[in-house]
Amino acid sequence: MTDNGFTRLAVNGTLMRGLELNANMLRAGAVFVREDRTAPCYRLWTVGDRHPAMIRTTNGGTAVELELWDVPGDGVVKILESEPPGLAVGKVALVDGTQVLGVLGEPYIVEGELEITDFGSWRRYTAATAMKG
1 MTDNGFTRLA
11 VNGTLMRGLE
21 LNANMLRAGA
31 VFVREDRTAP
41 CYRLWTVGDR
51 HPAMIRTTNG
61 GTAVELELWD
71 VPGDGVVKIL
81 ESEPPGLAVG
91 KVALVDGTQV
101 LGVLGEPYIV
111 EGELEITDFG
121 SWRRYTAATA
131 MKG
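full-length UniProt numbering numbers the first residue of the sequence shown as 1 and each following residue consecutively.
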(Lines of atoms letter the chains of each structure in order from A; the text may use other names.)
(Lines give C-alpha, C1' and ligand atoms only; values in the text may rest on other atoms or scores of the structure.)
Protein backbone atom coordinates (compact mmCIF):
# COMPACT_ATOMS: atom_id res chain seq x y z
CA MET A 1 0.00 0.00 0.00
CA THR A 2 1.28 3.47 -0.83
CA ASP A 3 1.33 6.43 1.57
CA ASN A 4 -1.97 7.76 0.18
CA GLY A 5 -3.93 4.59 1.05
CA PHE A 6 -3.85 3.28 -2.51
CA THR A 7 -2.51 -0.11 -3.57
CA ARG A 8 0.16 -0.13 -6.27
CA LEU A 9 -0.89 -2.56 -9.02
CA ALA A 10 1.16 -3.76 -12.00
CA VAL A 11 -0.77 -4.55 -15.19
CA ASN A 12 0.70 -6.05 -18.35
CA GLY A 13 -2.16 -6.47 -20.79
CA THR A 14 -5.58 -5.22 -21.76
CA LEU A 15 -5.91 -3.13 -18.57
CA MET A 16 -3.15 -0.79 -19.79
CA ARG A 17 -3.85 2.71 -21.08
CA GLY A 18 -5.64 2.82 -24.40
CA LEU A 19 -6.42 -0.91 -24.45
CA GLU A 20 -9.67 -2.85 -24.33
CA LEU A 21 -10.19 -3.17 -20.56
CA ASN A 22 -8.56 0.07 -19.38
CA ALA A 23 -12.02 1.42 -18.55
CA ASN A 24 -12.11 -1.15 -15.70
CA MET A 25 -9.09 0.61 -14.16
CA LEU A 26 -10.67 4.03 -14.52
CA ARG A 27 -14.04 2.88 -13.11
CA ALA A 28 -12.21 1.54 -10.05
CA GLY A 29 -10.64 4.99 -9.50
CA ALA A 30 -7.13 3.85 -10.44
CA VAL A 31 -4.51 6.49 -11.24
CA PHE A 32 -1.68 5.81 -13.73
CA VAL A 33 1.75 6.12 -12.08
CA ARG A 34 4.33 5.11 -14.73
CA GLU A 35 5.56 2.54 -17.19
CA ASP A 36 8.00 0.00 -15.75
CA ARG A 37 9.38 -3.52 -16.29
CA THR A 38 9.46 -6.72 -14.30
CA ALA A 39 12.61 -8.41 -13.12
CA PRO A 40 13.85 -10.70 -15.95
CA CYS A 41 12.11 -13.79 -14.55
CA TYR A 42 8.72 -13.80 -16.26
CA ARG A 43 7.28 -15.56 -19.29
CA LEU A 44 4.34 -14.28 -21.32
CA TRP A 45 1.64 -16.05 -23.34
CA THR A 46 -1.27 -14.90 -25.46
CA VAL A 47 -4.50 -16.53 -24.36
CA GLY A 48 -6.57 -16.97 -27.48
CA ASP A 49 -5.19 -13.65 -28.77
CA ARG A 50 -7.61 -11.92 -26.35
CA HIS A 51 -5.28 -11.13 -23.45
CA PRO A 52 -1.85 -12.05 -22.09
CA ALA A 53 -0.93 -14.21 -19.12
CA MET A 54 2.36 -13.59 -17.30
CA ILE A 55 3.92 -16.26 -15.09
CA ARG A 56 7.07 -16.10 -12.97
CA THR A 57 9.67 -18.72 -13.88
CA THR A 58 13.05 -19.96 -12.72
CA ASN A 59 14.47 -20.09 -16.24
CA GLY A 60 13.83 -18.61 -19.66
CA GLY A 61 12.20 -15.40 -18.47
CA THR A 62 12.50 -11.80 -19.61
CA ALA A 63 11.76 -8.32 -18.26
CA VAL A 64 8.13 -7.72 -19.27
CA GLU A 65 6.94 -4.17 -19.93
CA LEU A 66 4.01 -3.12 -17.77
CA GLU A 67 2.24 -0.17 -16.19
CA LEU A 68 1.99 0.73 -12.53
CA TRP A 69 -1.27 2.15 -11.20
CA ASP A 70 -2.41 3.30 -7.78
CA VAL A 71 -5.78 1.75 -6.98
CA PRO A 72 -8.02 2.87 -4.09
CA GLY A 73 -9.43 0.58 -1.36
CA ASP A 74 -11.70 -2.05 -2.87
CA GLY A 75 -10.68 -1.12 -6.42
CA VAL A 76 -8.33 -4.10 -6.76
CA VAL A 77 -11.25 -6.44 -6.04
CA LYS A 78 -13.45 -4.65 -8.60
CA ILE A 79 -10.71 -4.93 -11.23
CA LEU A 80 -10.03 -8.61 -10.51
CA GLU A 81 -13.73 -9.47 -10.67
CA SER A 82 -13.76 -8.10 -14.24
CA GLU A 83 -10.68 -10.03 -15.35
CA PRO A 84 -11.00 -13.19 -17.46
CA PRO A 85 -10.89 -16.54 -15.61
CA GLY A 86 -7.36 -17.76 -14.96
CA LEU A 87 -5.93 -14.35 -14.11
CA ALA A 88 -5.18 -13.52 -10.48
CA VAL A 89 -3.40 -10.97 -8.31
CA GLY A 90 0.00 -11.89 -6.87
CA LYS A 91 3.36 -10.33 -6.10
CA VAL A 92 5.35 -9.09 -9.09
CA ALA A 93 9.10 -8.36 -8.85
CA LEU A 94 10.09 -5.19 -10.68
CA VAL A 95 13.41 -4.63 -12.46
CA ASP A 96 14.61 -2.41 -9.55
CA GLY A 97 14.06 -5.24 -7.05
CA THR A 98 10.86 -3.90 -5.45
CA GLN A 99 7.71 -5.97 -5.34
CA VAL A 100 4.15 -4.83 -6.01
CA LEU A 101 0.84 -6.56 -6.51
CA GLY A 102 0.17 -7.42 -10.12
CA VAL A 103 -1.99 -9.41 -12.50
CA LEU A 104 -0.55 -12.88 -13.12
CA GLY A 105 -1.74 -15.94 -15.00
CA GLU A 106 -2.47 -19.22 -13.32
CA PRO A 107 -0.38 -21.99 -14.95
CA TYR A 108 -3.36 -23.88 -16.38
CA ILE A 109 -4.45 -20.90 -18.49
CA VAL A 110 -1.34 -21.05 -20.70
CA GLU A 111 -1.54 -24.77 -21.52
CA GLY A 112 -1.62 -25.09 -25.30
CA GLU A 113 -1.34 -21.30 -25.80
CA LEU A 114 1.28 -19.40 -27.81
CA GLU A 115 4.24 -18.16 -25.78
CA ILE A 116 5.12 -14.54 -26.61
CA THR A 117 7.94 -13.97 -24.10
CA ASP A 118 10.36 -12.91 -26.85
CA PHE A 119 8.17 -9.87 -27.62
CA GLY A 120 8.64 -8.61 -24.04
CA SER A 121 5.19 -7.02 -23.91
CA TRP A 122 1.58 -7.41 -24.92
CA ARG A 123 1.73 -4.14 -26.89
CA ARG A 124 4.69 -5.35 -29.00
CA TYR A 125 3.00 -8.67 -29.66
CA THR A 126 -0.30 -7.11 -30.75
CA ALA A 127 1.52 -4.53 -32.92
CA ALA A 128 3.50 -7.29 -34.65
CA THR A 129 0.44 -9.44 -35.28
CA ALA A 130 -1.57 -6.42 -36.54
CA MET A 131 1.13 -5.77 -39.17
CA LYS A 132 0.87 -9.38 -40.38
CA GLY A 133 -2.93 -9.24 -40.63
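Read the hints as simulated data drawn from the structure, not as lab findings. In this text, a Cβ means the ideal position worked out from N, Cα and C, and glycines have one as well. Keep in mind that a hint or two might mislead.
Said to hold, decoys possible - Label pairs and their computed distance ranges (CB to CB):
1. ASP74 x ALA128: 34 to 42 Å
2. ARG124 x ASN4: 26 to 34 Å
3. LEU80 x GLY48: 13 to 21 Å
The hints, checked one at a time:
1. At roughly 37 Å, the beta-carbon separation of ASP74 and ALA128 lies within the given 34 to 42 Å, and the hint holds.
2. Roughly 32 Å separates the CB atoms of ARG124 and ASN4, a value that falls within the hinted 26 to 34 Å.
3. A hinted range of 13 to 21 Å holds for the C-beta pair LEU80 and GLY48, which are about 19 Å apart.
The structure meets every hint from the earlier list without exception.
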